[in-house]
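Trainee: Please model the entire structure based on the sequences and the hints provided.
Note that this note's numbering has the sequence shown beginning at 52, numbered continuously upward.
Heads up, a few of these hints could be off.
[To be verified] Label-pair distances were calculated between CB atoms; the ranges are: (1) E407 to L375: 35 to 43 angstroms; (2) D53 to E432: 40 to 48 angstroms; (3) L375 to D53: 38 to 46 angstroms; (4) E407 to R170: 56 to 64 angstroms; (5) K235 to Q79: 43 to 51 angstroms; (6) N69 to W438: 51 to 59 angstroms; (7) R207 to T412: 38 to 46 angstroms; (8) A472 to E317: 39 to 47 angstroms; (9) R469 to G496: 17 to 25 angstroms; (10) T240 to R208: 42 to 50 angstroms.
Read the hints as simulated data drawn from the structure, not as lab findings. Note that CB positions come from ideal geometry on N, CA and C, so glycine has one too.
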Amino acid sequence: MDLADQAWRQAVKLEPRNSELMLQIGHQCQSLRQPQTARIWFEQAAAADPAAINPRIGLAILLEQNHRFAEARTVIESCLAIDRGDEQARYFAAFLDRRENKIEDAERQLRDLLAGEPRHQYVQYASRYELAEILNRTGRFDEAMQLLLEAKNLQRRLGNIEALLQEYDQGAGQYRRSTLELPKNILRTWAREFPERVREPVPQLAFLGGHPRSGTTLLEQILGAHSDVVALDEPNAFTMVACKLFNASPQLSAARLNFIRRRYLESIQKEWGGRFDGKLLLDKNPSPTARLRIWLRLFPELRVIIALRDPRDVVISCYFQNILLNVINVNFLSLERTAHHYANLMDIWLAARQWEGLDWTETRYEDIVANIEKEGRRVTEFLGLAWDQAQTRFHEKSSKKQMYSPTYHDASQPVYTRAVARWRAYEKYLAPIMPMLEPYCRALGYS
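Mentor: Encoded structure:
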């Protein structure tokens with residue numbers, strides 16, 4: 052990172068008025084989870100070109116993600132002062148209105164924007180996602196689904212969807228097969244191969260997983276409000292460091308397992324930006340649930356928490372998400388593929404929870420929103436900690452920090468129950484995939 056920073060600064064010395072260069076550096080810093088540094092670069096990019104819209108949009112997005120709505124609004128107004136018709140600025144103004152619960156203003160702006168048939172590719176589909184969420188909140192469910200269909204058709208034009216799906220199916224199939232083939236006593240076998248006496252010590256460690264949109268972010272914020280917990284929101288350390296090192300060699304000696312453990316901890320500490328000081332480390336990330344066998348091979352002492360939610364609500368909620376396409380999110384372009392993704396991930400969990408000696412618990416989204424202290428206390432005690440009253444007011448802490456989950460806004464609000472049984476409004480759309488979801492409803496106790 053030091054060398055990269057030197058290179059970036061040298062590039063700017065060579066072209067000190069290149070606003071686009073500064074903008075790209077800002078995006079790099081943002082992707083590396085350095086929001087303060089990203090803000091500096093966005094501001095420098097805007098100063099280098101007083102007429103540039105994109106650096107200001109980048110800055111406004113960063114401010115909104117840090118819950119600084121008034122500052123984000125001021126930046127968007129500066130964009131509109133430069134160009135009253137700029138499609139990105141108009142979209143983001145409506146986006147801020149919905150964030151601030153100005154629903155009628157947001158809907159009016161989005162409809163005006165779509166009536167003008169925007170040319171900006173992101174605005175074309177993002178405006179439809181945003182308007183669909185408003186329609187869902189106000190009970191116009193059929194129109195919401197129509198807009199989602201339009202948005203997803205627009206997204207399909209932006210990449211090779213079949214190639215992404217093929218890549219997903221290959222990887223997900225491999226993880227699923229390799230997990231389901233393991234015997235129930237596999238943890239005892241691994242413990243003999245990597246016994247406690249040869250393991251290098253690590254902080255108390257817990258993994259919080261489950262399918263996306265199952266309440267993982269909400270629970271992570273509740274647990275992270277505890278004074279003795281360091282909770283990380285979808286860190287990169289496990290997938291980008293531990294998994295790559297694990298898969299790089301078939302030789303898994305005790306020395307190599309300890310090496311990977313060290314590298315994981317070094318990486319996670321860099322992402323955290325501070326010391327653990329004896330606190331419990333909570334790594335929350337839904338997607339690595341598919342890699343539980345790697346987690347447990349590296350960390351036999353791991354405690355596992357899996358967030359559950361009615362599978363029908365999970366599928367609908369994923370379908371509503373406006374997330375940039377990648378090998379995972381491409382599944383959410385259709386209800387059928389969303390259900391397929393759900394089945395792949397939950398098959399892995401349903402197999403893993405039968406492994407003898409696994410230290411695990413499940414928690415239901417519905418139970419958390421019904422009684423945050425009762426369910427939060429139960430999960431906190433599973434981690435070996437006493438309930439901290441600050442956990443009840445988790446949103447006070449969450450609203451002052453940047454989160455990286457797509458659902459960061461919802462998780463920074465007080466608990467609400469409106470998302471429970473959301474699927475009933477879309478039952479007719481779910482009907483074709485209900486045979487796929489019914490086995491999981493039964494296995495997880497959802498009638």
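Trainee: So, for every hint listed, does it hold in this structure?
Mentor: Hint check:
1. E407 to L375: 35 to 43 angstroms: For E407 and L375 the Cβ distance comes to about 40 angstroms; the hint holds.
2. D53 to E432: 40 to 48 angstroms: 42 angstroms, holds
3. L375 to D53: 38 to 46 angstroms: With a Cβ separation near 29 angstroms, L375 and D53 fall outside 38 to 46 angstroms, so the hint is violated.
4. E407 to R170: 56 to 64 angstroms: 59 angstroms, holds
5. K235 to Q79: 43 to 51 angstroms: Distance hint for K235, Q79 holds at roughly 45 angstroms.
6. N69 to W438: 51 to 59 angstroms: 53 angstroms, holds
7. R207 to T412: 38 to 46 angstroms: Holds, since R207 and T412 (Cβ atoms, about 39 angstroms apart) stay within the stated range.
8. A472 to E317: 39 to 47 angstroms: 44 angstroms, holds
9. R469 to G496: 17 to 25 angstroms: 22 angstroms, holds
10. T240 to R208: 42 to 50 angstroms: 49 angstroms, holds
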